[in-house]
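Spelled out, the chains give:
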Amino acid sequence: MDPRRTARTVSDPKVRQVGFFTPAPPERSISDPPRFQDPIQPPSPSPTQVNDHSPSGNSLSPVMIPPAHHHSDNFLRTALQVTSPTKAFSYSAKTVTIPPENEDVASSFSPGRKVVSAKSPSSFPGVKASSVPASELTTVSVVNLPPGISEKAGGASVEVQNDRPVSAKTLKEKTSKAERRALQEAQRAAKAAAKAEGTKASSAASKVVTSANTKPSKAAKSSSQKNDGSQVAASEKKGGDRAPEKDRKKDAPHPRMQYDDKSRVEKAKKRAVVKQTEARNRVELFRHLPQYEHGTQLPDLETKFFELDPMHPAVYKVGLQYLSGDIRGGNARCIAMFQAFKEAIKDYSTPPEKTLIRDLTARISSYVSFLIECRPLSISMGNAIKFLKNRIAKLPLALSESEAKSTLMLDIDRFINEKIILSEKVIVKHAVTKIQDGDVLLTYGASSVVEMILLHAHELGKHFHVVVVDSRPKLEGQLLLRRLVRKGLSCTYTHVNAVSCIMQDVTRVFLGASSVLSNGTVYSRVGTACVAMVAHAFRVPVLVCCEAYKFHERVQLDSICFNELGNPDAISKVQGREEINYLDGLVNQENLQLLNLIYDATPSDYVSMIITDYGMIPPTSVPVIVREYRRDHLWS
Amino acid sequence: MDFQVVVLAGGNSKSLTPLVSKDVPKPLLPVANHPVLYYVLHQLEESNLKDLIVVVEGEDAGLLVGAWISGTFVDRLHVEIAAVPEDIGTAGALRAISHYLTAKDILVVSGDLVSDVSPGAVAATHRRHDAVVTATLCCVPISGSSESGSSGGKDKTKKPGRYNIIGLDPRKQFLLHIATEIEKDTRLQKHLLHAVGQMEIRSDLMDAHMYAFKRSVLQEVLDRKDTFQSLKQDVVPYLVRSQLKSEAVLSGIRQAEEDGNEKVSFPNNQVMVSQILANASTPSFHELYSMDADGSAQTRKTHKCCAYIASSSSYCVRLNSIQAFMDINRDVTGEADHLLSDNVIGPSPKLGTKTTVGPHCMLGEGSEMGDKCQVKRSVIGRHCRIGSHVKVVNSVVMNHVTIGDCCIIQGSVICSNVQLLERVVLKDCQVGAGFVVTAGSEYKGESLARKEK
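Sequence order for the protein chains is C and D. Heads up: the first sequence runs through residues 1 to 636, numbered per full-length UniProt numbering. Heads up: the second sequence runs through residues 1 to 453, numbered per full-length UniProt numbering.
Hints are computed from structural coordinates only; laboratory data are not their basis. Source: prediction; values computed, not measured. We put the beta carbon where it would ideally sit given N, CA and C, even for glycine. Hints are supplied without guarantee of correctness; some may be wrong.
Said to hold, decoys possible - To be clear about the criterion: a stretch of chain D counts as covered by chain C if any three or more of its residues have a C-beta under 8 Å from a C-beta of chain C, and this derived list gives those stretches:
#1 120-127
#2 439-447
Unchecked claim - Examples of chain C residues lying across from chain D (beta carbon under 8 Å, computed):
#3 Pro-313
#4 Asn-331
#5 Ile-335
#6 Val-428
#7 His-430
#8 Val-432
#9 Lys-434
#10 Gln-436
#11 Gly-438
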């Protein structure tokens with residue numbers, strides 16, 4: 001590779017101790033660096049022992065990330081907290097999204113069945129000559145909703161009470177209680193301030209403050225009681241420029257919630273459809289990520305099957321599959337989600353006195369938040385949702401409902417076909433040119449694109465060998481391996497522990513990615529970074545295959561800020577081998593914390609090339625793609 | 001959620017005579033002072049399933065059940081009653097109402113099920129795996145499996161449901177084998193075993209008779225197999241048996257449905273989409289089996305039969321024998337009292353002096369008891385008149401029963417409008433409706449009923 005990059009690796013603090021630093025012992029920083037140093041790394045002239053602990057790491061190359069890693073982390077976090085008011089706003093908007101569906105249900109089940117119930121009870125089927133006499137249905141009991149409930153209700157809140165009496169009521173009461181308390185506290189604080197100051201002027205000022213404080217909560221309250229349409233209308237009133245921005249914030253893949261913020265977590269829980277029991281022992285550094293007691297969510301969601309009226313069955317099924325891990329992989333999840341949305345749109349009908357654009361957006365949002373509760377969205381899904389909402393928002397008002405629906409369904413199909421399938425084909429076409437006879441290709445995990453590349457190259461008659469590197473606990477590589485071996489490819493299977501040994505023979509590394517961020521960081525299945533680093537140390541080119549719709553403008557320097565936590569039990573127990581039970585009984589101990597990360601971030605230094613549907617680009621060109629792609633496709 | 005619910009309430013049950021008669025069809029048999037159908041309907045209502053079809057055997061029974069439902073659940077449930085001829089079996093009953101089934105999936109619940117297994121969970125499991133049939137299995141209650149000699153002699157002969165042999169895959173998700181008859185030996189299918197690799201055979205699970213079916217497949221099977229009488233003994237075993245060589249008709253329908261859903265101009269891309277989706281999920285043995293050795297397209301048609309295994313803490317009993325009737329009565333008033341939402345003890349009955357009512361008892365409204373009575377672990381219905389010095393232990397006394405002084409009733413069922421004269425001693429007896437037991441008589445382990453005219 002080019003000399004510039006090798007020079008950079010020297011000073012690069014690849015030893016990212018961020019994940020596991022303990023605040024106390026300073027002597028570790030002395031003892032550690034040699035251990036972390038790559039043994040294969042050629043001896044470097046400049047000091048390699050740049051340590052993340054010392055903020056005054058003196059020998060950094062100018063391109064480097066500021067070394068005070070926890071500082072930057074803090075910075076990021078505080079930055080997030082600054083943005084929190086808007087987030088709160090979007091939450092309140094989300095709570096609002098329940099009513100329209102309820103109304104739909106309420107209206108649908110009162111008149112719906114009358115057709116069938118018109119059968120007369122006296123006509124019995126004895127007349128029929130068939131061997132199996134058909135029988136008649138007699139309606140004996142009908143649910144009569146009080147007539148005109150929707151008029152009486154005026155707002156959606158009454159309908160909520162009507163339909164889901166228990167949950168909705170408690171939810172409402174509780175939020176209002178919290179708000180009341182907030183209000184009270186604000187007033188109390190104001191009073192205290194006034195007393196302390198003693199002067200009238202200051203008290204007046206504080207009053208202003210309290211009123212400012214209470215206002216948002218009031219506003220939120222009233223808006224949550226009103227239906228969603230007014231919400232959107234309100235946001236629209238503020239001007240055309242700001243609305244899409246807000247939308248964007250709402251649509252973003254929603255990793256911004258800080259799960260160590262107790263009050264917010266509580267609020268989110270009340271809203272949640274899926275029961276979320278938080279796991280107890282969580283690794284300190286990752287407390288801002290959601291982690292739930294695994295095994296509690298699925299049964300609870302299952303029992304609620306018929307109670308989630310607003311949820312479309314297809315969406316529900318996808319959520320269930322996310323939760324149980326039946327569907328995984330960025331592309332598959334995205335496709336499954338879009339197919340579910342397509343079904344939902346197909347069955348959608350605009351409730352009276354609402355417009356399709358607004359109501360459907362709200363409904364999609366509610367679906368999305370349900371899916372998030374099942375499993376955090378991947379970045380690609382966030383992009384896809386953004387696309388869909390944008391399409392909905394851009395629908396011409398004059399369009400009739402059926403036209404609008406068919407347009408949207410076509411859009412969804414187009415997205416799946418163009419952004420996922422076709423781009424995969426293009427990637428395959430590009431990538432195959434990089435495979436020569438006699439190559440030894442290494443891949444990690446099971447990426448759908450990489451699989452297609454390998455199969456296609458095989459079909460073209462190229463002779464190469466594949467090394468599938470896998471890792472516990474998911475062992476996805478085995479599935480890939482199975483399919484490859486069936487097709488007749490010659491393969492080697494190994495675990496990531498052995499990657500440094502096998503890397504000597506490898507000529508190219510193909511990796512899939514969950515996302516590529518605009519600083520070139522590749523966000524992918526945990527372990528990818530490790531493989532890329534080893535490959536880099538052995539001077540093996542690393543080719544990352546990623547569709548352009550997975551690119552994201554975010555910049556991420558580590559894999560801590562945004563990540564996903566998997567089931568800790570998955571790593572503490574070895575499936576299928578009950579005799580390995582060394583951790584039995586220890587799992588709930590206070591001083592044991594299990595960490596099962598799902599993703600990691602590979603710095604762009606280790607990536608030689610990114611193969612995307614726009615061609616083969618260096619990681620530094622990602623921002624261009626992000627910018628152009630957005631302009632061309634998403635926001636058109 | 002695109003589910004339709006069919007409650008198979010049944011009609012007259014021979015295994016429950018003399019408790020069940022023309023006036024009291026099986027769905028209306030009171031269990032802890034509520035008709036047994038109430039438990040199912042209540043459970044469904046709790047799960048927000050409000051559109052039901054109740055199938056009753058016999059027209060008279062249908063009218064009775066209809067009248068009761070419209071009285072009890074008016075404004076709460078939307079129930080349609082279908083009366084089918086007697087003795088056509090559960091499959092026949094479904095066949096009879098088959099043209100009313102329109103939803104994608106059908107939930108079939110037996111009307112004699114007293115349980116707290118959530119129907120939603122069954123439906124969710126069904127949907128998750130896109131199964132053809134999902135059967136609910138629950139642990140056999142301990143009291144049910146032990147052969148208690150105290151029960152009436154009759155029900156011993158008819159307990160086909162007790163010895164289910166159920167084969168599950170290692171992950172306990174799929175149903176591989178189900179046999180309900182007690183036979184000397186059971187045949188397992190070799191190719192199934194071969195495909196799965198490992199099968200867990202359980203005999204401690206009971207089929208709760210709550211099934212979720214894919215509607216198209218169910219109707220297909222019912223149409224094609226005219227001889228199938230029972231869901232449990234014919235239809236479900238058939239589907240389980242044929243899951244790896246699913247008949248072309250079944251799959252043909254599904255294929256057509258899928259094609260109908262996804263008519264897009266990129267047929268080639270559709271294949272890729274489905275392949276990506278298929279690769280993303282952990283393949284069950286069905287998919288592995290259906291693929292050829294070289295991994296080419298699916299050549300063999302399969303369908304999935306799932307099992308939902310209720311947790312051992314949940315309560316689930318079917319009322320299909322007198323013993324079960326006694327057990328349910330005991331449990332509903334005792335350990336499983338959460339099944340009843342409303343009050344267990346009615347408005348205070350009149351008790352004589354020195355009369356004791358033990359725990360786990362239930363007294364209906366308007367019942368009167370004389371002096372020095374003892375009631376233990378029993379259910380007493382509405383408007384009963386019980387004399388002095390009466391002992392009622394482990395028994396069920398239904399409505400409008402008159403019991404004379406100094407009677408001793410143990411482990412017995414006394415139906416409505418029965419008159420027990422003085423000094424009657426009953427042990428492990430069933431007394432049919434309207435019977436009059438003469439004074440001073442003693443019975444043990446007998447079934448007393450009026451002669452049918």
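Cross-check of the supplied hints:
Counting residues of the region 120-127 of chain D whose CB lies closer than 8 Å to any CB of chain C gives 6, so the stated coverage by that chain holds, three being the minimum. Here's how the region 439-447 of chain D fares: 0 of its residues keep a CB closer than 8 Å to some CB of chain C, so the rule of at least three is not met and the hint is violated. With a cut of 8 Å, the hint placing Pro-313 of chain C at the interface with chain D holds, because the nearest CB-to-CB distance is about 5 Å. Because the beta carbon of Asn-331 of chain C sits about 6 Å from the nearest beta carbon in chain D, less than 8 Å, this interface hint is met.
Taken as an interface hint, Ile-335 of chain C checks out: its beta carbon lies about 6 Å from the nearest beta carbon of chain D, inside 8 Å. Because the beta carbon of Val-428 of chain C sits about 11 Å from the nearest beta carbon in chain D, more than 8 Å, this interface hint is broken. Look at His-430 of chain C: its Cβ only gets to about 17 Å from chain D, farther than 8 Å, so that hint breaks. Evaluation of the Val-432 of chain C hint against chain D yields a violated restraint, the C-beta minimum of about 16 Å exceeding 8 Å.
With 8 Å as the threshold, the beta carbon of Lys-434 of chain C stays out of range of chain D, its nearest partner Cβ sitting at about 22 Å, so the hint is violated. Interface hint at Gln-436 of chain C: violated, since its Cβ lies 25 Å from the closest Cβ of chain D, which is beyond the 8 Å cut-off. Using the Cβ-Cβ criterion of 8 Å, the hint placing Gly-438 of chain C at the interface with chain D is not satisfied: the shortest such distance is roughly 25 Å.
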